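Enquirer: Let the sequences and hints guide you as you build the complete structure.
In the order they appear, the protein sequences are chains A and B.
Residue 102 in the UniProt record's numbering is what sits at position 102 of the first sequence, and the numbering runs on without skipping anything.
Residue 129 in the UniProt record's numbering is what sits at position 129 of the second sequence, and the numbering runs on without skipping anything.
Watch out, some of these pointers could steer you wrong.
Chain A regions said to be covered by chain B (calculated; three or more residues, Cβ under 8 Å) [said to hold, decoys possible]:
1. 75-87
2. 171-178
3. 203-214
4. 248-255
5. 287-297
6. 313-323
7. 376-387
Listed next, with one range per pair, are the computed distances between beta-carbon atoms [to be verified]:
8. B:Arg393 <-> A:Gln296: 44 to 54 Å
9. A:Asp392 <-> B:Ala268: 34 to 44 Å
10. B:Lys395 <-> A:Asp227: 52 to 62 Å
11. B:Ser233 <-> A:Glu159: 53 to 63 Å
12. B:Ala268 <-> A:Glu167: 42 to 52 Å
13. A:Ala279 <-> B:Ala268: 51 to 61 Å
14. A:Thr389 <-> B:Ala333: 34 to 44 Å
15. B:Arg264 <-> A:Asp227: 53 to 63 Å
16. B:Pro135 <-> A:Pro224: 32 to 42 Å
17. A:Ala388 <-> B:Arg168: 16 to 26 Å
18. A:Asp272 <-> B:Ala268: 36 to 46 Å
19. A:Arg356 <-> B:Arg402: 39 to 49 Å
Everything labelled a hint here was simulated from the structure, so no lab data went into it.
All values reported here derive from a predicted model rather than from experimental measurement.
Cβ atoms here follow ideal geometry from the backbone N, Cα and C, with glycine treated the same way.
Protein chains: 2
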Amino acid sequence: MKLINSVISALCLVSALSLSAIANDQLVSKQVYQGGAFTFFNGQQIDQFEVGWQSYGELNEEADNAILITHFFSGSSHVAGRYEDGGALGYWDAIVGPGKAIDTDKYFVISIDTLVNQEPHNPYVTTTGPASINPNTGQAYALEFPVVTIRDFVNVQKEVLESLGIERLHAVIGASMGSLQALEWAVAYPDKVDRMVSVIGMAQTDPWTLLSLQQWAEPILNDPNWDQGNYYSQRNDDETTSVGPQAGLRQSIMQISLQAMHPRAINAMFSDFNTLDTAALEDPLAVHPQVEWLRQRASERARYADANHILYLIRANQLFIAGMQDNLDQGLARLQASALFMPAKNDLLLHPSMARHAHESLLRLGKESQYVEIEGDWGHLDGLVSIATQADRLKTFLAEKRQRSE
Amino acid sequence: MKLINSVISALCLVSALSLSAIANDQLVSKQVYQGGAFTFFNGQQIDQFEVGWQSYGELNEEADNAILITHFFSGSSHVAGRYEDGGALGYWDAIVGPGKAIDTDKYFVISIDTLVNQEPHNPYVTTTGPASINPNTGQAYALEFPVVTIRDFVNVQKEVLESLGIERLHAVIGASMGSLQALEWAVAYPDKVDRMVSVIGMAQTDPWTLLSLQQWAEPILNDPNWDQGNYYSQRNDDETTSVGPQAGLRQSIMQISLQAMHPRAINAMFSDFNTLDTAALEDPLAVHPQVEWLRQRASERARYADANHILYLIRANQLFIAGMQDNLDQGLARLQASALFMPAKNDLLLHPSMARHAHESLLRLGKESQYVEIEGDWGHLDGLVSIATQADRLKTFLAEKRQRSE
Numbered sequence: 001m002k003l004i005n006s007v008i009s010a011l012c013l014v015s016a017l018s019l020s021a022i023a024n025d026q027l028v029s030k031q032v033y034q035g036g037a038f039t040f041f042n043g044q045q046i047d048q049f050e051v052g053w054q055s056y057g058e059l060n061e062e063a064d065n066a067i068l069i070t071h072f073f074s075g076s077s078h079v080a081g082r083y084e085d086g087g088a089l090g091y092w093d094a095i096v097g098p099g100k101a102i103d104t105d106k107y108f109v110i111s112i113d114t115l116v117n118q119e120p121h122n123p124y125v126t127t128t129g130p131a132s133i134n135p136n137t138g139q140a141y142a143l144e145f146p147v148v149t150i151r152d153f154v155n156v157q158k159e160v161l162e163s164l165g166i167e168r169l170h171a172v173i174g175a176s177m178g179s180l181q182a183l184e185w186a187v188a189y190p191d192k193v194d195r196m197v198s199v200i201g202m203a204q205t206d207p208w209t210l211l212s213l214q215q216w217a218e219p220i221l222n223d224p225n226w227d228q229g230n231y232y233s234q235r236n237d238d239e240t241t242s243v244g245p246q247a248g249l250r251q252s253i254m255q256i257s258l259q260a261m262h263p264r265a266i267n268a269m270f271s272d273f274n275t276l277d278t279a280a281l282e283d284p285l286a287v288h289p290q291v292e293w294l295r296q297r298a299s300e301r302a303r304y305a306d307a308n309h310i311l312y313l314i315r316a317n318q319l320f321i322a323g324m325q326d327n328l329d330q331g332l333a334r335l336q337a338s339a340l341f342m343p344a345k346n347d348l349l350l351h352p353s354m355a356r357h358a359h360e361s362l363l364r365l366g367k368e369s370q371y372v373e374i375e376g377d378w379g380h381l382d383g384l385v386s387i388a389t390q391a392d393r394l395k396t397f398l399a400e401k402r403q404r405s406e
Numbered sequence: 001m002k003l004i005n006s007v008i009s010a011l012c013l014v015s016a017l018s019l020s021a022i023a024n025d026q027l028v029s030k031q032v033y034q035g036g037a038f039t040f041f042n043g044q045q046i047d048q049f050e051v052g053w054q055s056y057g058e059l060n061e062e063a064d065n066a067i068l069i070t071h072f073f074s075g076s077s078h079v080a081g082r083y084e085d086g087g088a089l090g091y092w093d094a095i096v097g098p099g100k101a102i103d104t105d106k107y108f109v110i111s112i113d114t115l116v117n118q119e120p121h122n123p124y125v126t127t128t129g130p131a132s133i134n135p136n137t138g139q140a141y142a143l144e145f146p147v148v149t150i151r152d153f154v155n156v157q158k159e160v161l162e163s164l165g166i167e168r169l170h171a172v173i174g175a176s177m178g179s180l181q182a183l184e185w186a187v188a189y190p191d192k193v194d195r196m197v198s199v200i201g202m203a204q205t206d207p208w209t210l211l212s213l214q215q216w217a218e219p220i221l222n223d224p225n226w227d228q229g230n231y232y233s234q235r236n237d238d239e240t241t242s243v244g245p246q247a248g249l250r251q252s253i254m255q256i257s258l259q260a261m262h263p264r265a266i267n268a269m270f271s272d273f274n275t276l277d278t279a280a281l282e283d284p285l286a287v288h289p290q291v292e293w294l295r296q297r298a299s300e301r302a303r304y305a306d307a308n309h310i311l312y313l314i315r316a317n318q319l320f321i322a323g324m325q326d327n328l329d330q331g332l333a334r335l336q337a338s339a340l341f342m343p344a345k346n347d348l349l350l351h352p353s354m355a356r357h358a359h360e361s362l363l364r365l366g367k368e369s370q371y372v373e374i375e376g377d378w379g380h381l382d383g384l385v386s387i388a389t390q391a392d393r394l395k396t397f398l399a400e401k402r403q404r405s406e
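Expert: Structure representation (structure tokens):
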């Protein structure tokens, strides 16, 4: 049970136990970027925004050693290390740090909380989205907040990087929704990206993925407390507790958690499973203890989450096609970076065939691309928990010299 | 779109168009069996019950040519042919009929609506469950109805068969939840079953499957109109329309539909998919047309369904272990029939590894067992729509002479 708890913690960045920092851990702190007016991909605008970020290592004088790590759906910029007041280790601590695959002795590694981050109520997350106060009304935006796309995540990141004097990335690397951002970076701003790593990713949402993602939205949309997104007046005094459609939110997170995993890992975890559970056999209202476990974990993960933010994240993923135009090849043709795709072999959420399709499309278009599958029993989550198995590959890829076309 | 509509129709036994019978179709009619007191596996009792059944071919004088076909979660006893007043063809019409794999010139084929059938409001289904009137109170049972297991389905079927003079089955064959019943028949009543065919099945629910199935229950449990199962007072005058937690019911059926399919089939169906849908890009309340399509299909399928019945069906599957005791081998060791497992190669709901495990366990226990995978692009649904690819195998298996141990 320890492994799964730490996996779930990594996913939600909430540790059940607020562990004190251990002597050897890298310490990291959160920064905040304050932005002014921002125009979204769909043409709509907001007057200001803010996002959190954190970094590791030093930016060199030429500002050419920066690696951007873009985060996944339920994640944040907490990639590695631990905050001074404790909490969980960052989700890719195994590969980001001094001497590690993404070597912070060599690279300046930065990660930025996305807009509409899943956890606006997490004290370690700074984001702007439907739960934020619209300065023009003094009320939460709710669904007045513009629909957000992966391109918008990228454009916010670009603004933050430019504020730090970074005009070009040694690499952009991301897992899952982070991989969408990484690829979008490389095709939207080809002259700013030298290397792109897509972990457990895809280049375009297909109808199957659209409909699968929608299963995460329906529980929220069907919850009467969602109230067409206008539940913020229900806000209570304890600002760390989210409000609104809690049942729908919990159900949504139950599904996200389960779909990110694989039968092998779940079944190994519950090797003491009693199929013919007495309580479940006698009483239609009773459930197997494993159901209670999943509900409980989802409730914990819902603590800092906002339902509208989840809806917006789902939408951003549903609308994704690299380059953000009708035709995928047209987008991919813009890429100049060398690409590395690392899907998880047993991924049930984003099947490896999706990454393979992106990789093969790039090769067909005459681009540099590599492909390797991550082995493991965790399914989609192997992109997080089994990433260390690809540490050498990653290190080598990042060290490869590039012949720039310009 | 035609194929998917017919697949969805087959699944729910509701045809969008009420087609008239075509000259060559087998005509079939529904019978009803009235039972008295029934004691469930968990020891609880009801005073009476009724279930529908239909049959094909003639029972011979020795009453030894009977084949029982046990139905899947969303199905009924409508296996083949068409009702005189129209409706859809039975789901396995491709393999059940005169001269077909399950040859009704040779065998007496019978199928029986299960207890707690998903569609108590379907005029072609007769079932007993939470939506039925408890004769002792004059009210619907709701959650007072005993928890039902796969063994209870089998025991009801046994009673119906005995009423027709059938003491022994040439074969019992079922897909998905039907395969659970087929296997349970063979281990609960080993001296009554000569051949057992498990299509897209398993021998025991594992923790992963338990939790996946629970995702179908949560939408109903979270719907305030579910009201702890006591929504029958909301019943309206139109008895063909189901009542209660309609939003939860629709969402549950959306998920069931999707999980039974495979990306290849869904993506082929929507080859005109526009990822960057304009409405979805502009308005958080808009959805891609494919989402609307899935919602619409689920609403149609919800028409005759009952939410509590779905909860009971989920529970029956969650509690399944062949033989209904703690240890699977102990159950499987009882089997005397020859077994044939036919999982679908691309099944994402019940992975072929589950059927393979059952098959290999039987071989280890010295039993006769065969294993073949159904190829196709439909995932779990290949057990229905691609079954004809295994017609010859099935025909041969049914014709094999058996040396009975007794």
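Enquirer: State for each hint whether it applies.
Expert: Hint check results:
1. 75-87: violated (count 0)
2. 171-178: The restraint on the stretch 171-178 of chain A is violated, since only 0 of its residues have a Cβ under 8 Å from chain B and three are required.
3. 203-214: It holds, with 10 qualifying residues against the three required.
4. 248-255: holds (count 4)
5. 287-297: holds (count 5)
6. 313-323: As far as the stretch 313-323 of chain A goes, the hint holds, because 5 residues have Cβ atoms under 8 Å from chain B.
7. 376-387: Three-residue rule not met by the stretch 376-387 of chain A, so violated; n is 0.
8. B:Arg393 <-> A:Gln296: 44 to 54 Å: The hinted range 44 to 54 Å holds for Arg393 (chain B) and Gln296 (chain A), with Cβ atoms some 46 Å apart.
9. A:Asp392 <-> B:Ala268: 34 to 44 Å: Holds, since Asp392 (chain A) and Ala268 (chain B) (Cβ atoms, about 39 Å apart) stay within the stated range.
10. B:Lys395 <-> A:Asp227: 52 to 62 Å: holds (58 Å)
11. B:Ser233 <-> A:Glu159: 53 to 63 Å: holds (58 Å)
12. B:Ala268 <-> A:Glu167: 42 to 52 Å: For Glu167 (chain A) against Ala268 (chain B), whose Cβ atoms are near 44 Å apart, the range 42 to 52 Å holds.
13. A:Ala279 <-> B:Ala268: 51 to 61 Å: Since the Cβ atoms of Ala279 (chain A) and Ala268 (chain B) sit about 44 Å apart, the hinted range of 51 to 61 Å is violated.
14. A:Thr389 <-> B:Ala333: 34 to 44 Å: Taking Cβ atoms as reference, Thr389 (chain A) and Ala333 (chain B) lie about 40 Å apart, which means the hint holds.
15. B:Arg264 <-> A:Asp227: 53 to 63 Å: violated (38 Å)
16. B:Pro135 <-> A:Pro224: 32 to 42 Å: holds (35 Å)
17. A:Ala388 <-> B:Arg168: 16 to 26 Å: At 58 Å between Cβs, range violated.
18. A:Asp272 <-> B:Ala268: 36 to 46 Å: The hinted range 36 to 46 Å holds for Asp272 (chain A) and Ala268 (chain B), with Cβ atoms some 42 Å apart.
19. A:Arg356 <-> B:Arg402: 39 to 49 Å: Hint holds: Cβ distance 46 Å, inside 39 to 49 Å.
This entry does not satisfy hints 1, 2, 7, 13, 15, 17, going by the numbered hints stated previously.
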